[in-house]
Amino acid sequence: MQSGTQEYVLATYREIAVRFGLSGPNAARLKTKRLGWRPSKPNRAGEVFRIRVPREVWEQQPEGKRAGPPRPLRRARRPGQARHLDDGGEMRAIQKLIDTLEKQRERNRSRAGTPDTQSTELISKLDAARMKLTDLRLGEARQRTQLAARQAEAERRSRSQSPGLPGAGLFRYLRDLWRRLRGSRVVRIAT
221 MQSGTQEYVL
231 ATYREIAVRF
241 GLSGPNAARL
251 KTKRLGWRPS
261 KPNRAGEVFR
271 IRVPREVWEQ
281 QPEGKRAGPP
291 RPLRRARRPG
301 QARHLDDGGE
311 MRAIQKLIDT
321 LEKQRERNRS
331 RAGTPDTQST
341 ELISKLDAAR
351 MKLTDLRLGE
361 ARQRTQLAAR
371 QAEAERRSRS
381 QSPGLPGAGL
391 FRYLRDLWRR
401 LRGSRVVRIA
411 T
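For the sequence shown, the tail end lands on 411 under the working numbering, and the numbers increase by one without skipping.
Any given hint could be a false lead.
[Claimed, not checked] Here are the simulated EDC-like pairs of lysine to aspartate or glutamate, each with C-alpha atoms no more than 20 Å apart in a straight line:
hint : residue 1 : residue 2
1    : 316       : 326
2    : 261       : 310
3    : 253       : 227
4    : 253       : 276
5    : 251       : 227
6    : 251       : 276
7    : 251       : 279
8    : 352       : 341
9    : 345       : 355
Think of the hints as simulated: they come from the structure by calculation, not from any bench. For clarity, every value in this text was computed on a predicted model and none was experimentally measured.
The whole structure should be built from the sequences, with the hints applied where relevant.
Now the structure itself:
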C-alpha cells in the first residue's frame with residue numbers, strides 16, 4: 221500500500237478486500253465501482269492497478285472487520301438451553317450411519333477383489349479381437365513384401381528380355397540397329 225497525497229490512499233483490490241473484510245478482489249472491484257473510487261493507471265504493462273481510496277474512509281474502517289450488519293447468532297432449541305452433542309438419539313443415529321457405511325465399504329472391497337463374470341467375458345473378447353487384429357496386420361505386411369518382391373522380379377525379367385527398354389543395353393541396341401541400317405560398316409558414335 222502506498223500513500224499518495226493527504227486526500228487519498230493508493231491500494232490494490234486485494235488490499236481493499238482485506239481492509240474492508242470483503243470476500244476477495246472481485247468484491248473489492250465492485251465496491252470501488254459502486255463508490256466511484258478512481259483507479260490510477262499503471263505506467264507499464266503487467267503492473268497492478270492501484271485505487272485511490274479516500275483517506276477518511278480508509279482510516280475509519282478497522283482492518284479485517286466486516287462492513288455491514290453483524291451476523292445473527294444461532295438460537296438454541298429452547299430458550300435458555302444450549303444444544304449438546306451427547307443427546308442419545310443423535311449419537312445412536314450417527315453410530316448407525318457409521319456402521320452401515322463400514323458394511324458398505326467392506327462389500328465394495330470384496331466386490332473389487334473379484335471381477336464379475338460379465339467383465340471377464342468382455343476382457344476375453346477384447347483379447348481375442350486384439351489377437352485377430354495383430355494377425356491381420358502381420359498378414360497384410362507379408363502380402364506387401366511378397367507383392368514388392370514379385371514386382372521387382374517382373375521388372376528384372378522385362379529388362380533382360382526386351383533390349384529396347386531404357387537401361388544398360390540401350391546403347392548396344394542402338395549401335396546394332398545403326399549397323400544394320402548402314403550396312404556392315406563400322407560407324408563409331410562419338411560419346
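Outcome of the hint check:
Of the pairs offered as hints, the one joining residue 316 and residue 326 holds, with about 16 Å between alpha carbons and a cut-off of 20 Å not exceeded. Restraint check for residue 261 and residue 310: not satisfied, since their Cα atoms lie roughly 58 Å apart, outside the 20 Å limit. Under the criterion of a C-alpha separation no larger than 20 Å, the hint pairing residue 253 with residue 227 is consistent with the structure, at around 18 Å. Of the supplied pair hints, the one linking residue 253 and residue 276 holds, its CA atoms being roughly 18 Å apart against a limit of 20 Å.
A threshold of 20 Å between alpha carbons decides the hint, and for residue 251 with residue 227 the separation of about 19 Å falls inside it, so the pair holds. With a CA separation close to 16 Å, the supplied pair residue 251 and residue 276 stays within the 20 Å bound. Note on residue 251 and residue 279: the hinted pairing holds, with a Cα-Cα distance of about 17 Å set against a maximum of 20 Å. Between residue 352 and residue 341 the alpha-carbon distance is near 17 Å, which keeps this suggested pair within the 20 Å criterion.
Restraint check: the Cα-Cα separation between residue 345 and residue 355 comes to about 15 Å, which is no more than 20 Å; the hinted pair holds.
When each numbered hint is compared with the structure, a violation occurs for hint 2 only.
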